[in-house]
Amino acid sequence: MSEPKMEPAGRNEKSFEVSLKRALRMYRQMVRIRHFEERVDNLYKTAQMPGLAHLYIGEEAIAVGVCEALGKADYISSTHRGHGHCLAKGALVGRMFAELLGKKPGYCGGKGGSMHIADPDSGNLGADAIVGASAGVATGAAFTSKKLGLGKVAVAFFGEGALGQGLLYELMNMAALWKLPVLYVCENNMYNEYTRYTETTAGQLEDRPLAFGIQTKRIGGQDVREVYRTAEELVKDVRAGQGPAFLICDTYRYYGHHVGDINRSYYRSKEEEGMWKKERDPIRILGAWLTDTKNVSPETLSKIDKEVREEIESGLEFAKNAPYPDPTEVNANVYAE
Amino acid sequence: MFMQNNQVNDENMREISFAEAIREALAEEMRRDPTVYIMGEDVAEAGTPFKVLLGLVDEFGTERVVDTPISEAGFSAIGVGSAMTGMRPVIDIMFGDFLPLAMEQIVNRAAKIHYMSGGKLRVPIVFRTTLGAGRRSAAQHSQSLHAWFSHIPGLKVAIPSTPYDAKGLWKTAIRDDSPVIFFEDKMMYSLKGLVPDEEYTIPFGLADIKRSGKDITLVATSSMVQVALDAAKKLEEIGLSAEVVDPRTTWPLDKKTLIASAKKTGRVIVIDEGYEQYGVTAELAAVIAEGAFYYLDAPVRRFGAMDVPVPFSPVLEDQTIPSAEQIVEAAKDLCAV
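Protein sequence lines, in the order shown, are assigned to chains A and B.
The opening position of the first sequence corresponds to residue 55 in the working numbering, with each subsequent residue numbered one higher.
The opening position of the second sequence corresponds to residue 1241 in the working numbering, with each subsequent residue numbered one higher.
Hints were generated in silico from the structure; no laboratory data involved.
Treat the hints with caution; some may be incorrect.
Pulled a few chain B residues facing chain A out of the computed Cβ check, cut under 10 Å [unchecked claim]: (1) V1306; (2) G1359; (3) K1360; (4) T1497.
A virtual CB, placed ideally from N, CA and C, is assigned to each residue, including glycine.
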């Protein structure tokens, strides 16, 4: 089992060039996800939120970089750790919080919660809490796109834990056979819940899609410019009808499997967590690139940070003040009318 | 146009088989709606092992009659994702016994996505499959598992017993915006019956009185309707008038018609080919007991398949399926003759 790609050494920096405007947009998106998730953690720890949540902090560059390579009409499907994907594809902070609090203006009217946010208007076919299921939804959406000639690409986000699900191999086989326009994005945060992936996964990660003849890339997932440029290339091929592609992004979740997973010492060390936060933080990496090579002032980045914090607080206020669904809603939407 | 059997005008009818009725319904719906497609193992040139789909590929091509690898979970998942994005798939699960392979897609995805998304996403999909023992096919090709799906909110379950019902229910199933599991009794494909020339549909949740009577009600489903009609004929010879009621869909369930018939006759036997333990017969008996308790002259009796894995040897297998003789004996017992 190969270790994750963490070192920037040997990268062709030039190929990760992005425009300043795009870089600033991606920076803002990553900061938005970071602050949103920190607020979710706080809501949980202060018992203001029902249920629990799986935070995306540390992995922001993947959702943001991949969604930056997509159009609004393109599809995504997501996982239990899905807030980042939803926000990156265009969901609004206030309606996200409303869903997390079980409120009426939430994206699912309070019926889905943290693990099931769906926003078809932004191309988000929903988060699914069964590991590997997102791949099925996206492959099916790609099937529609191909059959109806829609020209849309479908992206499935999932973690490396999904590599343990047989479903994924059935899907890759059919997607490759039928040249479906689907991009599988495997976020290798290295832990299947509380177990390191090297204990659960034989062979090499990339050999799995390669066995089906699927174009595969494995990259470090912490530099959003690298994620974006790689995704852009793959999406171009996928959209052109060359069949599915598979992108493995090595990454790290800073927090636990879910918000209640606080004592993690039995499965990973504080030193390891500290190293990723200090040396491989996606926001810091892009921030440094902006200030060091693009002459963006630290004040500009602070301003973005401040604006996003205000957006998060006002979104949360909206959600807190929003009404709960009417109790009679419990029976609605079991069947489509 | 909605029709019930007792309203049928014989002049515009033809006699066709159960299999032909199903094929006609599928072909008509595929002509009507270009988003309808069929996908499964050996559905195209082979027309499935029971040859029910024979000829459809000649008219609609392999783009719409799609042969798959032997991957029930995978192609069911693609069906669900494509239904969420604008298609109307008919997913062919060759034998009902293979449904467990697709269970996760049906139960956790198809049944729940509309509700979880607060009504924003729809999954208009039909899973086509079989039930019924008697083909000497042993424990993994003979089960009647429709109770499982009738238990899950969000799913509809059709179990026709005649060519007429099969065609009308199939057309409704394809047009329904909710997921439907459609069970065909594999022993019934050559059964002939009258089917109108003109187009018709049969609404879900509408039971059909297959035979009127006043002394006892036989509620029977799918393969057991012919058994019940046979029993009713034998009972007539000894002076007992049996009413045969076919719910046609186990969900939605026409409780009203079942209860009305029970109130009229005061005695009820429920017959279904699923396993008896925790089966469809239990639910139907409970509905009748709750709705007609003060009208009943005797406890509701029920007959399901014996609670054993379906055995191979004919002398063993035949014992496991409810028979007309058993029903006659039970009816005589209930009516004290």
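T1497 of chain B as chain A interface residue, shortest Cβ-Cβ below 10 Å:
Interface hint status for T1497 of chain B: violated (20 Å vs cutoff 10 Å).
Measuring from the C-beta of G1359 of chain B to each C-beta in chain A, is the shortest one below 10 Å?
Holds, about 4 Å.
Tell me if K1360 of chain B is really an interface residue toward chain A, meaning its C-beta lies closer than 10 Å to one of theirs.
Result: holds, 6 Å to nearest chain A Cβ.
Using the nearest Cβ pair, does V1306 of chain B come within less than 10 Å of chain A?
8 Å, holds
The structure fails to meet hint 4 from the earlier list, while all remaining hints are met.
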